[in-house]
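2 protein chains.
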Amino acid sequence: MNATVVACCQLAPVLGDPASNRELTAEAVTHAAARGARVVVLPELVSSGYVFETRDEASACAEAPDGETVTSWRRLSAEHGLVIVGGFCERAAGQVYNSAALVDHGTLRCVYRKAHLWDRERLWFSPGDAAPPVVATRFGRIGVMICYDLEFPEWVRLPALDGAQLLCAPVNWPAAPHPDGERPAEIMKAQADAAVNRMFVAVCDRTGTERGADWVSGSIIIDPDGWPLAAAAQGAGPVTITAACRLDDALSKDVSPLSNVHRDRRPELYQRVAEPVSPAVPSGSSPA
Amino acid sequence: MNATVVACCQLAPVLGDPASNRELTAEAVTHAAARGARVVVLPELVSSGYVFETRDEASACAEAPDGETVTSWRRLSAEHGLVIVGGFCERAAGQVYNSAALVDHGTLRCVYRKAHLWDRERLWFSPGDAAPPVVATRFGRIGVMICYDLEFPEWVRLPALDGAQLLCAPVNWPAAPHPDGERPAEIMKAQADAAVNRMFVAVCDRTGTERGADWVSGSIIIDPDGWPLAAAAQGAGPVTITAACRLDDALSKDVSPLSNVHRDRRPELYQRVAEPVSPAVPSGSSPA
Numbered sequence: 001m002n003a004t005v006v007a008c009c010q011l012a013p014v015l016g017d018p019a020s021n022r023e024l025t026a027e028a029v030t031h032a033a034a035r036g037a038r039v040v041v042l043p044e045l046v047s048s049g050y051v052f053e054t055r056d057e058a059s060a061c062a063e064a065p066d067g068e069t070v071t072s073w074r075r076l077s078a079e080h081g082l083v084i085v086g087g088f089c090e091r092a093a094g095q096v097y098n099s100a101a102l103v104d105h106g107t108l109r110c111v112y113r114k115a116h117l118w119d120r121e122r123l124w125f126s127p128g129d130a131a132p133p134v135v136a137t138r139f140g141r142i143g144v145m146i147c148y149d150l151e152f153p154e155w156v157r158l159p160a161l162d163g164a165q166l167l168c169a170p171v172n173w174p175a176a177p178h179p180d181g182e183r184p185a186e187i188m189k190a191q192a193d194a195a196v197n198r199m200f201v202a203v204c205d206r207t208g209t210e211r212g213a214d215w216v217s218g219s220i221i222i223d224p225d226g227w228p229l230a231a232a233a234q235g236a237g238p239v240t241i242t243a244a245c246r247l248d249d250a251l252s253k254d255v256s257p258l259s260n261v262h263r264d265r266r267p268e269l270y271q272r273v274a275e276p277v278s279p280a281v282p283s284g285s286s287p288a
Numbered sequence: 001m002n003a004t005v006v007a008c009c010q011l012a013p014v015l016g017d018p019a020s021n022r023e024l025t026a027e028a029v030t031h032a033a034a035r036g037a038r039v040v041v042l043p044e045l046v047s048s049g050y051v052f053e054t055r056d057e058a059s060a061c062a063e064a065p066d067g068e069t070v071t072s073w074r075r076l077s078a079e080h081g082l083v084i085v086g087g088f089c090e091r092a093a094g095q096v097y098n099s100a101a102l103v104d105h106g107t108l109r110c111v112y113r114k115a116h117l118w119d120r121e122r123l124w125f126s127p128g129d130a131a132p133p134v135v136a137t138r139f140g141r142i143g144v145m146i147c148y149d150l151e152f153p154e155w156v157r158l159p160a161l162d163g164a165q166l167l168c169a170p171v172n173w174p175a176a177p178h179p180d181g182e183r184p185a186e187i188m189k190a191q192a193d194a195a196v197n198r199m200f201v202a203v204c205d206r207t208g209t210e211r212g213a214d215w216v217s218g219s220i221i222i223d224p225d226g227w228p229l230a231a232a233a234q235g236a237g238p239v240t241i242t243a244a245c246r247l248d249d250a251l252s253k254d255v256s257p258l259s260n261v262h263r264d265r266r267p268e269l270y271q272r273v274a275e276p277v278s279p280a281v282p283s284g285s286s287p288a
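One line per chain: the protein sequences are A and B, in this order. Here the first sequence stands for residues 1 to 288, numbered as in the working numbering. Here the second sequence stands for residues 1 to 288, numbered as in the working numbering.
In case anyone wonders, no lab produced these hints; they're calculated from the structure. Everything numeric in this text was worked out from a predicted model, so none of it was measured. Careful, some of the hints might be misleading.
What the hints assert, rightly or not - Here chain B is said to cover these stretches of chain A; the calculated rule only asks that three of the stretch's residues, wherever they fall, bring their Cβ under 8 Å from a Cβ of chain B: (1) 66–80; (2) 143–152; (3) 216–222; (4) 259–271.
Beta carbons: idealized from backbone N, C-alpha and C, even for Gly.
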């Protein structure tokens, strides 16, 4: 079985400077391709930076999917025979979205708009309302979601059920304390996302300080058992990580002779997961 | 804020010998109470052992909820002022279930029947069809599920949405290889269960060899950030772990000034999680 080299280019984009960020990403993608990468993941909002203070600031950086940033990724993907998944600040119909594009060998295959907006993002971005896309590529079926989306296992389940062998997730993980000897919590959750679905997960984080904000800088490529294949070293700064992934390993969901993580689901019992949240029952036992 | 001492009594039950197992658990529960425990979790199927080879073997160990095992737990809980959550082999209406009981100060508050049966369990047990119960106790709201259930995040979401501050999970985790320096995969998934819901999770595993089968022996008590508060040492054998848990810490689901892990859910977009599984789309992009 052939392995596909997946790369995550952990970068430090410049806030509000899409032209510089295109140069930065072009250099990193070219370098990753030279190392054998066939699928390259870029950070969330790598076109624009992250720490906006007003909606106008976000809007000023926003581009359509046929704008210069995604066009540059299409060109790079054609030149090097790549799939590229990257985050960009998208303008569409008067709205601004925190989006990710998947381009494959010169063609824009999908744009995904982040559905779960983190903290102040809701002040400038509109949330997406469409499920994470899964795109059939030469390398296998690839799903796309963004950062905080990964912390909603219901959301991760959707591309997995749609057959994603690899989930690519541009992120900007804000730095937060965690106990000595533990990985950052975001990584632990991404490991579980991979394991409960038996699919590969490639997370590309950003790095660098922006308006005083720091980042986990925790790019990681995870196998279908939930174990890291490659990870950015703590405090590594800008770095490209790569891992050879046998994406067909994610086709089988078997975890024992009779157990299968998708077939063993009981969807008929999960109705309440998709219902509007009611307040927690104040006392007594819930119906059992 | 008061802390509640939670204990997990990791035991080595004797296959097919409920009377011996009642002695074993009584001794462990009494010991845990003496250490200050108010909530005590026992392993899955601690009444019967696990490695059955026929349905008749399982059936021969099965007891009703008013049988000797759960009655002994009621007595212990009254004597020591405890909540006890333990797994037992249940007989009901001609079926055999892999069940757990929650008893509180002498009273049986709920019986939960495992909904996600692992591997050969389906050969002797019937699956439960009811959601994990959440019971209001003097110490806080406590949810119950069993072992492989923890690997279905949709299932874990249900008691969390019902306000569980602590999820108690009797388990029998079969030993499996994992990379050096990593925790067993089951633990990583349980950590994510806690973190994505901001609730405490107390897992009580078994230990000992049974018909050649070994166990993770990985009992663990996890805080709402997903970090271990107490864990059985690798290869510890029978041991009781305890942790003082400020269960009210699980009442707030806030993770940043504007973010909340439950309020940020988009249940209206999760419909397909609760639909019968259709085969993965064979090619092209899913609707986006």
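Practice task
Hints the structure violates: just list their numbers, smallest first.
Solution key: 1, 3
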